[in-house]
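*Asks:* Listed here are the chains, written in short residue letters.
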Amino acid sequence: MPKVNNWHLGREIEYPYDDHRPAKQWAIVFDLNKCIACQTCTLACKTTWTSGKGQEYMFWNNVETKPWGGYPLAWDLRILEKLGRQEWGAKGEYLGKTLIEAAPANERVLHFAPTDEDWMYPNIGEDDCGGGNVDGGGHMAELPHDKWFFYLPRTCAHCTYPACLAACPRKAIYKREEDGIVLIDQSRCKGYGECVRACPYKKSMYNPYTRVSEKCIGCYPAVEQGLQPQCVVNCIGKIRVMGFISPPGKSRRDNPIDYLVHEKGLALPYYPQLGLEPNIYYIPPIHADRDYLLQMFGPKVDDAIAAYQALPDDPRANGLLCLIGSTERIIHRFDVKGGVAVGFDDKGAELVRVPVTEKVIERAAFDARLGAIRNNTP
Amino acid sequence: MTRTPACQFLITLLLATAFCGGGCKGKKASPTGEPPPEPPAAPISALEVKAVTADLSVPDPAAPYWKDVARGQVALLAQPMVTPRPEATTTEQLIVAAVHNTTHIAFRLSWADTEASEAGRLGEFSDAAAIQFPVGDMNKTPPMMGGPELPVHIFHWRAQYQRDAEQGKPEMTALYPNMSVDMYPMEFKEAPGGSPQEREGFSPGVAEGNPQSYQKAGVDEIIAEGFSTSAVQAGHSSAAKAVWHGGRWTLVITRPLTIEGGSTLAVGQETGVAFAVWQGGKAEVGSRKSVLMSWLPTRVL
Numbered sequence: 001m002p003k004v005n006n007w008h009l010g011r012e013i014e015y016p017y018d019d020h021r022p023a024k025q026w027a028i029v030f031d032l033n034k035c036i037a038c039q040t041c042t043l044a045c046k047t048t049w050t051s052g053k054g055q056e057y058m059f060w061n062n063v064e065t066k067p068w069g070g071y072p073l074a075w076d077l078r079i080l081e082k083l084g085r086q087e088w089g090a091k092g093e094y095l096g097k098t099l100i101e102a103a104p105a106n107e108r109v110l111h112f113a114p115t116d117e118d119w120m121y122p123n124i125g126e127d128d129c130g131g132g133n134v135d136g137g138g139h140m141a142e143l144p145h146d147k148w149f150f151y152l153p154r155t156c157a158h159c160t161y162p163a164c165l166a167a168c169p170r171k172a173i174y175k176r177e178e179d180g181i182v183l184i185d186q187s188r189c190k191g192y193g194e195c196v197r198a199c200p201y202k203k204s205m206y207n208p209y210t211r212v213s214e215k216c217i218g219c220y221p222a223v224e225q226g227l228q229p230q231c232v233v234n235c236i237g238k239i240r241v242m243g244f245i246s247p248p249g250k251s252r253r254d255n256p257i258d259y260l261v262h263e264k265g266l267a268l269p270y271y272p273q274l275g276l277e278p279n280i281y282y283i284p285p286i287h288a289d290r291d292y293l294l295q296m297f298g299p300k301v302d303d304a305i306a307a308y309q310a311l312p313d314d315p316r317a318n319g320l321l322c323l324i325g326s327t328e329r330i331i332h333r334f335d336v337k338g339g340v341a342v343g344f345d346d347k348g349a350e351l352v353r354v355p356v357t358e359k360v361i362e363r364a365a366f367d368a369r370l371g372a373i374r375n376n377t378p
Numbered sequence: 379m380t381r382t383p384a385c386q387f388l389i390t391l392l393l394a395t396a397f398c399g400g401g402c403k404g405k406k407a408s409p410t411g412e413p414p415p416e417p418p419a420a421p422i423s424a425l426e427v428k429a430v431t432a433d434l435s436v437p438d439p440a441a442p443y444w445k446d447v448a449r450g451q452v453a454l455l456a457q458p459m460v461t462p463r464p465e466a467t468t469t470e471q472l473i474v475a476a477v478h479n480t481t482h483i484a485f486r487l488s489w490a491d492t493e494a495s496e497a498g499r500l501g502e503f504s505d506a507a508a509i510q511f512p513v514g515d516m517n518k519t520p521p522m523m524g525g526p527e528l529p530v531h532i533f534h535w536r537a538q539y540q541r542d543a544e545q546g547k548p549e550m551t552a553l554y555p556n557m558s559v560d561m562y563p564m565e566f567k568e569a570p571g572g573s574p575q576e577r578e579g580f581s582p583g584v585a586e587g588n589p590q591s592y593q594k595a596g597v598d599e600i601i602a603e604g605f606s607t608s609a610v611q612a613g614h615s616s617a618a619k620a621v622w623h624g625g626r627w628t629l630v631i632t633r634p635l636t637i638e639g640g641s642t643l644a645v646g647q648e649t650g651v652a653f654a655v656w657q658g659g660k661a662e663v664g665s666r667k668s669v670l671m672s673w674l675p676t677r678v679l
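Chains as they are written, first to last, in this note's numbering: chain P, 1 to 378; chain G, 379 to 679.
Since the hints were made in silico from the structure, they are not lab data.
Here the structure is a predicted model, which means the values were calculated and not measured.
Mixed in with the good hints there might be a few duds.
[Unchecked claim] Straight line, CA to CA, 30 angstroms or less: simulated DSBU-like cross-link-like pairs of lysine-lysine:
hint, chain 1, residue 1, chain 2, residue 2
1, P, K171, G, K518
2, P, K359, P, K238
3, P, K82, G, K660
4, P, K91, P, K337
5, P, K337, P, K34
6, P, K347, P, K238
7, G, K660, P, K97
8, P, K34, P, K359
9, P, K337, P, K359
10, P, K34, P, K46
11, P, K171, G, K660
12, G, K547, P, K46
13, P, K171, G, K547
[What the hints assert, rightly or not] Okay, the calculated beta carbon distance ranges per label pair:
hint, chain 1, residue 1, chain 2, residue 2, range
14, G, S606, P, K238, 37 to 47 angstroms
15, G, T636, P, N123, 54 to 64 angstroms
16, G, A609, P, N5, 18 to 28 angstroms
17, P, L311, G, P574, 35 to 45 angstroms
18, G, M557, P, N5, 39 to 49 angstroms
19, G, S435, P, Q86, 51 to 61 angstroms
20, G, D560, P, G339, 45 to 55 angstroms
21, G, Q451, P, E81, 40 to 50 angstroms
22, G, F566, P, Y174, 26 to 36 angstroms
23, G, E493, P, L311, 53 to 63 angstroms
[Unchecked claim] Not everything, but these chain G residues come out facing chain P in the computed CB check (under 8 angstroms):
hint, residue
24, L455
25, M459
26, T461
27, P462
28, E465
29, G498
30, G501
31, M557
32, P563
33, S581
34, E586
35, G587
36, S591
37, S665
We treat Cβ as the ideally placed atom computed from N, Cα and C, and that holds for glycine.
Just chain G, same shape as in the assembly (with noise of 0.2 angstroms):
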């Protein structure tokens, strides 16, 4: 029998499966806590966040309190900007919440994604949610990730980051339980005399201190000025927690009023939100993304 192409790829695919075993499949993030219900809500063209009394330094998205705040609908867009975009938008609701207790506010977005999907192994992609404010004025900073001198601050959920969070960076053999490896020479600098660094030193992302490669706290904080320029800042002053029930995932993200450096509210004023959603079991990440197309003003009372 000739062999084709086609033929060849098979056999290679049905091998692969036949070694991989159960362990090629994708990791998914498992949900945790009560799922808070979510009925419809109807469009708004603006956000009243109302204080309550409540401790919002930590993320509860089933927490008392959202049962007696106002929830809406904001419409979302597959991003239009920049090339690679999504050739179809994914999420085209999102549902926007908020409260705050005079130093913390708490953003509760809630969206349907069919399925939970969390990055590990090459071509996995992470369900995600960012929030975005404007670090000056929201009417000259453009809601499309800032301009030169014309920063917004960022704060990108990630199911990766949450699960890093919860249960640490995973190793190659939690992502590859399969996999034979006869050894990592580095691994002997391990001996006495031998220091972590020496043992990243041939993990070039590690080395290099790139964010990504690094346990995350599941909220990355950022600062961007422009499509291209986004950049991690380092500690954290926010935090983020998500559930996943029922085809929905339901994320807040509490952050500070006030953050040194970046983006500050304060009760009485008005600035501007804009969120953006990324679903990962459709190959979603980076510049493919579901987005709001203008700020959401935003009135804290």
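Same shape as in the complex, but just chain P (with noise of 0.2 angstroms):
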């Protein structure tokens, strides 16, 4: 089996395919220190591509609760469970095995396959915290307590070496040269599954009334046209931005995605250890078990964390910041000078202009002008 180059993991893993990276990657940031899993990208998705048949219980995008909730059910514990424990090296390197190396003789992917009834609970153990002894009843019978949870929102990832596409025995999947996304042919595919079997995160989903399966396409007609996804677009906490990602030596310190992962170590992969280099990349969640965190995002978290704590201190990362959200197009470039970050296109031409930090107006609360008492309730 070819051996590919996994950044992720610091080594060259196996791959049925041989390495090639595509012209640009698609990726989306995500600080799940702002999410509040109001859904308002899961219904953006679901209103734009997945209302008609058989797509009913269908959530290319969603938001779990962790780390109870899961979509479909315990989708990451099950994945994990068959892969059994595996180790990081003293220097962020992986010693395990990922999916692909970890798979039976006659398998392509070490894999679970998913019920129907797994799905059917989008938004199971929402809001339920971990960590902890909640024994005694209610688990939020005592306030303040202890306990954490983070909000997680997902997309496919579009991996650089997706499993879905490994396990296709009828090639009907592809990634897409010109920007990564990977796509299921749906005048090819027949259905038999394997995809929704070997995405280790469940981003493919079969649909019942096509019979055959369906996934993000990281909107790429939109993508197409210089514009976000609308999962990121409709972001109302403005918590995601997507973008192209470079390989680590190709790095650019302009490039906003590049910034966030390479430069500053603030975004990191999710359970990078599967081995499929996912390229949707979070920002973690400061105060959750930090032992749960090393497990989803592995060794690097703890210096993302340091990082993102010591934003305050950093204009440039905190120009980047307020850009995310400021515009519906992609940024391709940035530029944070005098207080003021500025978004660039592919061209160079300029997208948006937004201020670090926003003039604080002072204003009397009686307006002698219209004689008008002024609050803050519209």
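Since each chain sits alone in its own frame, please combine them into the complex, following the hints.
*Replies:* Structure, rendered in structure tokens:
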């Protein structure tokens, strides 16, 4: 089997196809410290793409509460349990096996097959806390409490080495050269469900009406026009940004995604140990259980949280975070100067300009000109 | 009590069971017609196809002419060439017979399957079987799905496709009788001025013309030139009918001897056939199947 370079793991891994990175790689960065699980992203996606027959319970974008939530049910626990305990090395290199390396001889990918019922509770576990000992009745009985949870918004990760693509015996799944978006060919898929089994993130879904599998398409029609996906531009918390990520050696300091992932080490891939080089990146939630985060984001999580906590002293990073959510267009390059952050498109044209610190204007409680009392309620 | 993942999982499963009621049970293909008897048959290394005087354009597993036809048994193995493949062989024996009437040839296949399975919902897979012919020279064409410029012609029956042919393609309400749906926005395209294309525009498989997303006629005709290349052909010259009874499928696939652009059989000549069987109840689909490992020489008498 060919060897390919997986920089998330700091080593070569086995993959059924030769190493080939697309010209550009679609990526989203999410700040999990800001997500409030309003599900606006979920509904933006749902109303755009999956309102048809056979898509009733299909959420290409979902937001689940960790540690208890999961769509489909316990997707992460079940694949981690199957893979078994694996180790990271002292230098952050992965010593364990990936899902493809751990596959039985008769399979392409170590997997589990979710059942129909597993998809029926997209919001299960919402706001359920984890950690500590919660015996003695309702776990919300004692407030304030030291338990933790966080929200995890998820789309397809358009992996560099997708398990769905590796598993498809019909070669009906392909990765686009121009943006790295992974698509299921809707004219060629025969609904075997191999991708549904193989994707550990469970982002390939079966449509029983069309009898073929479907998945997040990265809003490629928007991306082709220089626009970010629906789930990103509709995020009211402005917690996510879509752009293009470079491999580490080609990282650009003025590329928003490169800056957050490579330059600052703020955002990490989730479950990198599965070996697919997923291209959605998370700024870890600083308050959640550190062991849990270590399992989910790998050994760089401590550094990422430290970097996040140091952000108030970093005007450039502050500027970039202000740009997130300020334009629906894809920011290819950004600059922060004189307290102003500016985003540019792929041709260098200015897309948006925002102040890093908004002016505070204090107004008197009484408006003498109108003879009215000012208040904050509309 | 500390809630463990396993505990939460169990609770959800119980909820799922409660909500689904009886509607969540897998759809089973129901037997139609009288089951043909199937005594054991001796192993064969070649198949002779005798002529009968009968209309073979309509497949009939219980037709009287099958009583007078020699039957033979071939051994199948779990598909060994490509992953994913079955861990073990699920269909070890296939009983085969064939007749022709100078225009059509009919193959009768019989195999043991403890449960009749039909695809529909996620994770449900259909019982299925396929007959494969070389388009060109049997001796040059690989019996496993053919090869580049060495195409094979496949007739693929599924219980699911037979249900389509008999009852139409199932609607979501048939697959999930207890599911609650507010509305399908595109259904409003039924209003004057709307078209079926508009209604199906957000059903990607249908909109893309994927044969899988349309009502099937019982059997698919497929051309392949190696693994991962199979493509369903437009038009149907073949037909299939299967009956499941008492732990056994009996299937007849009938086709014209000559199919333009596909495989051709001729009286007095020898070609090869190969077979594959899928047990849907054991999650067999695609490359997870039992197959005949070589061409079975077949002479049309």
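*Asks:* Next step is simple, just say for each hint if it's right about the structure.
*Replies:* Tested hints:
Pair hint K171(P) plus K518(G) holds up; C-alpha atoms about 25 angstroms apart against a cutoff of 30 angstroms. Distance check on the hinted pair: K359(P) and K238(P) sit about 20 angstroms apart at the alpha-carbon level, within 30 angstroms; holds. Only pairs whose Cα atoms come within 30 angstroms are accepted, and K82(P) paired with K660(G) is accepted, the gap being roughly 20 angstroms. A hinted pair counts as satisfied when its Cα atoms are at most 30 angstroms apart, and K91(P) with K337(P) does not qualify at roughly 36 angstroms.
For the suggested pair K337(P) and K34(P), the alpha carbons sit about 25 angstroms apart, so the restraint of at most 30 angstroms is met. Our distance criterion of 30 angstroms between C-alpha atoms is met by K347(P) and K238(P), whose separation comes to about 24 angstroms. A C-alpha spacing of about 28 angstroms is found between K660(G) and K97(P), which places the hinted pair at or below 30 angstroms, so the restraint holds. Pair hint K34(P) plus K359(P) holds up; C-alpha atoms about 22 angstroms apart against a cutoff of 30 angstroms.
As the CA atoms of K337(P) and K359(P) are separated by approximately 16 angstroms, the hinted pair is consistent with the 30 angstroms bound. With a C-alpha separation of about 22 angstroms, the suggested pairing of K34(P) with K46(P) holds against the 30 angstroms cut-off. Under the criterion of a C-alpha separation no larger than 30 angstroms, the hint pairing K171(P) with K660(G) is consistent with the structure, at around 23 angstroms. Of the supplied pair hints, the one linking K547(G) and K46(P) holds, its CA atoms being roughly 25 angstroms apart against a limit of 30 angstroms.
As the CA atoms of K171(P) and K547(G) are separated by approximately 26 angstroms, the hinted pair is consistent with the 30 angstroms bound. Checking the proposed 37 to 47 angstroms range against S606(G) and K238(P) shows it holds: the Cβ atoms sit about 43 angstroms from each other. In this structure the supplied range 54 to 64 angstroms holds for T636(G) paired with N123(P), their Cβ-Cβ distance being about 58 angstroms. Range check, A609(G) to N5(P): about 34 angstroms between beta-carbon atoms, so the 18 to 28 angstroms window is missed.
Separated by about 54 angstroms at the C-beta atoms, L311(P) and P574(G) break the suggested range of 35 to 45 angstroms. Restraint check, M557(G) to N5(P): a C-beta distance of roughly 45 angstroms satisfies the suggested window 39 to 49 angstroms. For S435(G) paired with Q86(P), a C-beta distance near 59 angstroms keeps the hint of 51 to 61 angstroms intact. Remark: the range hint 45 to 55 angstroms for D560(G) to G339(P) is upheld by a beta-carbon distance near 48 angstroms.
The given range of 40 to 50 angstroms is respected by Q451(G) and E81(P), whose C-beta atoms sit roughly 43 angstroms from each other. The hint said 26 to 36 angstroms for the Cβ distance between F566(G) and Y174(P), and at roughly 34 angstroms that hint holds. One distance hint, 53 to 63 angstroms for the beta-carbon pair E493(G) and L311(P), holds here, with the actual separation near 59 angstroms. Hint on L455(G) is violated. Least Cβ distance to chain P is approximately 13 angstroms, over the 8 angstroms limit.
A least Cβ separation of about 11 angstroms between M459(G) and chain P goes past the 8 angstroms threshold, and the interface hint is therefore violated. Because the beta carbon of T461(G) sits about 5 angstroms from the nearest beta carbon in chain P, less than 8 angstroms, this interface hint is met. Below 8 angstroms, beta-carbon pairs count as interface contacts, and P462(G) has one with chain P at about 5 angstroms; its hint therefore holds. The interface hint given for E465(G) holds, since its Cβ lies 6 angstroms from the closest Cβ of chain P, which is under the 8 angstroms cut-off.
Below 8 angstroms, beta-carbon pairs count as interface contacts, and G498(G) has one with chain P at about 6 angstroms; its hint therefore holds. The restraint placing G501(G) at the interface with chain P holds, with a minimum CB-CB distance near 5 angstroms, inside the 8 angstroms limit. Checking M557(G) against chain P by beta carbon gives a least distance of about 6 angstroms; that is within 8 angstroms, so the hint holds. The beta carbon of P563(G) is positioned within 8 angstroms of a beta carbon in chain P (closest approach about 5 angstroms), and the interface hint is therefore held.
Below 8 angstroms, beta-carbon pairs count as interface contacts, and S581(G) has one with chain P at about 5 angstroms; its hint therefore holds. Proximity of E586(G) to chain P holds as hinted, the smallest CB-CB distance being about 4 angstroms (cut-off 8 angstroms). Proximity of G587(G) to chain P holds as hinted, the smallest CB-CB distance being about 6 angstroms (cut-off 8 angstroms). Given hint, S591(G) at the interface with chain P, holds; its Cβ is 4 angstroms from that chain's nearest Cβ, closer than 8 angstroms.
The interface hint given for S665(G) holds, since its Cβ lies 5 angstroms from the closest Cβ of chain P, which is under the 8 angstroms cut-off.
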